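Chemist: Generate coordinates for the entire structure from the input sequences, incorporating the hints supplied.
Line by line, the protein sequences give chains F and U. Sequential numbering of the first sequence, starting at 1, is according to our numbering. Sequential numbering of the second sequence, starting at 1, is according to our numbering.
In short, the hints are calculated from the structure, not lab data. Take these hints with a grain of salt, some might be off.
Said to hold, decoys possible - Calculated lysine-lysine pairs in the DSS-like style (CA-CA distance at most 30 Å, straight line):
(1) F/Lys561 x U/Lys334
(2) U/Lys319 x F/Lys582
(3) F/Lys555 x U/Lys173
(4) U/Lys336 x U/Lys5
(5) F/Lys581 x U/Lys341
(6) U/Lys111 x F/Lys561
(7) U/Lys135 x U/Lys178
(8) F/Lys581 x U/Lys111
(9) F/Lys572 x U/Lys319
Since the structure is predicted, the reported quantities are computational estimates derived from the model, not experimental observations.
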Amino acid sequence: MKMIQPIKIEDIRNFSIIAHIDHGKSTIADRILEITDTVSQREKREQILDNMDLEREKGITIKSKAVRIIYKSLKGGQYVFNLIDTPGHVDFSYEVSRNLAACEGALLVVDAAQGVQAQTISNVQMAMENNLSIIPVINKIDLPTADIEKVSNEIRKIKGLENSPIFLVSAKDGTGIREMLEAVIEYIPHPGGSVKEPLQALIFDSVYNPYQGSIVYIRVVNGLVKPGMKIQTMSNKKNYEVNEVGIFIPKRKSVNQLSVGEVGYLTASFKDVSLTKVGDTITDAERPSSQQLPGYKKVTPVVFCSFYPVENEDYPNLQYALEKLSLNDSSISFIAENSPALGFGFRCGFLGLLHMEIIQERLEREYKIQLIATTPSVLYRVHLKDKKVVEINNPSELPDTNLIDFIEEPFIELTLISPSQFVGGVMELLQDRRGIFKNLEYLDKDRARLLYHLPLNEIMLDFYDRIKSISKGYASIDYHIIGYQSSALIKVEILVNQDVVDNLSFISHKDKAYERARKLVDNLKTAIPHQLFEVPIQARINHKIIARSTVRALKKNVLAKCYGGDITRKRKLLEKQKAGKKRMKRIGKVEIPQEAFMSILKID
Amino acid sequence: MSINKKIGLYIHIPFCLSKCPYCDFFSIVSHDDELKERYVSALINEIEIYGRKIKDMELISIYVGGGTPTVLEGEQLKEILSSCFYNFSVAEKAEITIEVNPGTIDGDKIKTIFRAGVNRISIGGQSFNDRVLKKIGRIHSKEDIMKTYQLARYAGFNNINVDLMFGLPGLSKREFEKTLKELMMLRPEHISLYALTIEQGTPFYEFIESGKARLPSDDFCSKLFVSAIDLFSGNGYEHYEISNFALTGKRCIHNELYWKNESYLGIGAGATSYLDNKRYQNYRDLNQYINLLESGILPIRYQEILPLKERMAETIILKLRMMEGLNKDDFRKKFKVPVEKVFYTPLQTLQEQGLLADNGSNYLLTKKGILLANNVFTEFLD
Ligand SMILES: Nc1nc2c(ncn2[C@@H]2O[C@H](COP(=O)(O)OP(=O)(O)O)[C@@H](O)[C@H]2O)c(=O)[nH]1
Ligand code: SF4
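Modeler: Dropping the structure here:
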């Protein structure tokens, strides 16, 4: 291991790699670590920066990490590179923006065969907003399908990159990696700031560690920080004493201090990550900075759904698991709720759909809790006639219709890049999803970029899959929330055997209410097993029934023969049936298997 | 085993000529005569061992089932039965039944069986419709059924059961009614009418799952069943158990032992016994079964003693299969506690649902309850 010497600020380069999923971010990072001997061959794992299995499977990085690399320039001189990894999904765009805020530059990686994707563009925009120098890199030039000229043109079409030099690499065989690293020295400025100023350090990530509380990733913008110092998190004015500061090379290593321009970690007596919010500024408690670093935002959930354990006994486990997960991810919110149909569960809030899926999967996989997840919902703003405004994320909480003046829902701006031949189909779907057309632009002769505004709610159900099938998997999507707009929304209640079932009721645009209600009652009809009596299923708006179906009464069981050798087996079969029955949820007198709930709640 | 008791004896013959695709009974297709001979010897060994062990019990029924018992030679069947008479005390009027599959028996064999002491024959007819018989994989035709029936009558049998299935794929209401009418003309002393059950792991299960065959709807089946009950009743048959009908005095003694949850001894590979509140099961593997007996060891694979509550539930379930239902006094005598003390809620719920009736002395299934028997039964289980 090399000695770490005092570093001159001129020799530091802090940068990220931004790329659409699968364009090669991790592979490039691996190559960089190899070429600089940051990791020996023996230590090398396929993809070093990703270290959660789930991330690997989903091909995204959920939590960012920073690695310090010593780079010896071909032109002489030794540099300290801090490579900051960014999450690769829209749900985590705030985190991405804070990661980028810790850098002076970014490598923009584009796949030589796939070209520019929706996310590439939004990432560039975000990097520009943070005043980063961007180095465009075309990766996978070794591919036979690589079309460097076309992809170069696409990159040059992006605002701000019209004249940048583009670097060509193959992360697979290492071609061009050195040149790319030389460009980092040349095109990315070294950090500014002064060591004499009071401490200002940007928190760009924090990870929970059961022994040390949270470990905070910081970028020192001014001043310096070392163990024993009294520090303060500026958003909540809380004071702590620093235990340890250090760097990742890529193993964790403590150092004497982190000074202006440097990137590393810090531990103090933080109990959990909710105290060290990404984007917050750490300062010297005894000589505080007068200013918090810009860009701090409290992240609030935008997508909500309820989780209920399939087995009632799992409720405490679910609570424990959610608590555990939120130690490390302060963006999850959850509050206990109780549904007559599904029992005890939690209403949870997430940064987006993917975030929700990841948490659900982790609960099921790591904590082995079988879950029923209800239909995801957005946060509605309900304006009442008495001028009060209430925010609700659960259809069942919607106030009585005659109290409501109007309802607003969150809208998004959606960027979609697709091969031209699928544009028609995509536009049709967006139209159907209440999309408002904003712009259509051709990146080149066979790829188009679409811009739409539409309600966030419209992409909650079966949207990604539909886009995928319409475009044969070639379209890429990116979106961000642009604000609230009022919509003609109504609540559709579902009644099973005359009882309203909150978990099945939904809020819908009035033009779509009938169709969805129809589908839902039809699905329920097949999902609810025959009972001893006829079960009417109805959908209603304002006391008016708009759709109905009926589960007919059970007429007969299988009347099997019963002989001596059979008695035990028969009893076991009946016991199994009984156990199945016990697991069903009851709505009034009607027994509904949970499987039915799951399929019902997934429908569009 | 001390008390003087009347019990039944079941003898399992685990061989068939071919395997029916819906069948999950324990039977194998074998043409190995030596294996069959060794099996018969093993059965006789087992009979001898039990004969020595249970001195104080009297057999009021012997039932030779399978499988297809008639794949054995007439002489082999005779040997087995003789050994029973020799080793057990068999009641004078004992019911001695053998299952016969149409097309597996000729006049000589049936006479041999009759002379061996068998006094009841159960014919696995299933349907009188050749197309449907083929569809469900039976190897016989309607004509085979008729022939077997006539041979049995001719040999002197005056107690014949015919098994019939409903809810068969592709069987129309008219065709089913035709089968019923023809059955009424034969006028067997006993009829078993039950629904085709689709058991997991059978080829038929796959057919249904894959959509190659379709089962008729519940509605359709319940109509057929109800109309069959009416027809049989009109023709003098007593509907005495969910799926069984008998002319006066011809109830099946053997099956009644099961349904009353009384004791029986089962011998043969895979057979189960219920003695002194214990359930036993023999090994299924033929070689293991035979080898153990050849060394003079009983081939018992496991025994289970049912916890009291389950024994109660089982008694209720079995008795409710009988149309006369569960006698409250019988229950109290057997378990020293009134049934309502243990099963108040299910009894109440089921009556509210119209599935169960209380005639003062007995609880019994209502007409609706007969069709929804499984719903009734599960209520009594934990
Ligand atoms: N042929 C080729 N494949 C590459 C290259 N770089 C990455 N890949 C492959 O592209 C896929 C996605 O790469 P990865 O680094 O995981 O992408 P990430 O999602 O951006 O981190 C993997 O299968 C890599 O092996 C390259 O230069 N050439
Ligand atoms: S004949 Fe009877 S025991 Fe043999 S396979 Fe067919 S149904 Fe099963």
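Chemist: All hints are to be evaluated individually against the structure, with a verdict given for each.
Modeler: Hint check:
no.: 1; hint: F/Lys561 x U/Lys334; in the structure: holds (25 Å)
no.: 2; hint: U/Lys319 x F/Lys582; in the structure: holds (24 Å)
no.: 3; hint: F/Lys555 x U/Lys173; in the structure: holds (17 Å)
no.: 4; hint: U/Lys336 x U/Lys5; in the structure: holds (20 Å)
no.: 5; hint: F/Lys581 x U/Lys341; in the structure: holds (24 Å)
no.: 6; hint: U/Lys111 x F/Lys561; in the structure: holds (29 Å)
no.: 7; hint: U/Lys135 x U/Lys178; in the structure: holds (18 Å)
no.: 8; hint: F/Lys581 x U/Lys111; in the structure: violated (51 Å)
no.: 9; hint: F/Lys572 x U/Lys319; in the structure: holds (17 Å)
Comparing the model with each earlier hint shows a violation of hint 8 alone; every other hint is respected.
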